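**Student:** Let the hints inform the model, and build the full structure from the sequences given.
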Amino acid sequence: MKLLVMSDTHSDAAVITNVIAQNPDVDAIFHCGDSELSCSAPELQGVLKVRGNCDQDIEFPTEMIKEIDGKQIYMTHGHLYHIKSSLTALSYRAREVEADVVLFGHSHVLGVELVDNILYINPGSLLLPRGRKEKSYAIIENIENGWHIIFYTEEKKVIEEKTLLY
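Numbering (this note's numbering), first residue to last: 3 to 168.
By construction, these hints were calculated from the structure, which means they are not laboratory data.
In this text, all values refer to a predicted model and were calculated from it rather than measured experimentally.
There may be inaccurate statements among the hints.
[Said to hold, decoys possible] Here are the computed distance ranges between Cβ atoms for each label pair:
1. 134 / 100: 27 to 35 Å
2. 84 / 119: 22 to 30 Å
3. 167 / 44: 33 to 41 Å
Even glycine gets a Cβ: it sits at the ideal position worked out from N, Cα and C.
**Tutor:** What follows is the structure, encoded as structure tokens:
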């Protein structure tokens, strides 16, 4: 299973299109909110997506649970769980939905953690990154006994690469 995860593109439809075009071999594409596009925008067709605090279209769900290759993936923007303060509330929800992977955005800060065998991924922002200068997205791959995560710039240059085993 190979997943493309992006977030916080804030009306930049072109960056969504470009990142998707650079990664034709993924099994699923996730947008963790604040696209600021309509839910039916052509750039978001085929993309699993949720509503962020800046999204006006009420057609976006606030959260999503998707099973891919036997892994339960939970996605939300993060603002409803106060992720800028702590992952505690989000981790309670993750356990409640029996998530293997939690995808979220909101803070614009890229990050990855494996806590109690649950993978938490924030891909950062493809428009207004915080904590570092590079605009970013993530590719997550399920490997034997773990996960391989690569954070890329919008030009697909590697920012950071990690393998986490469970």
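**Student:** What hint numbers does the structure not satisfy?
**Tutor:** none
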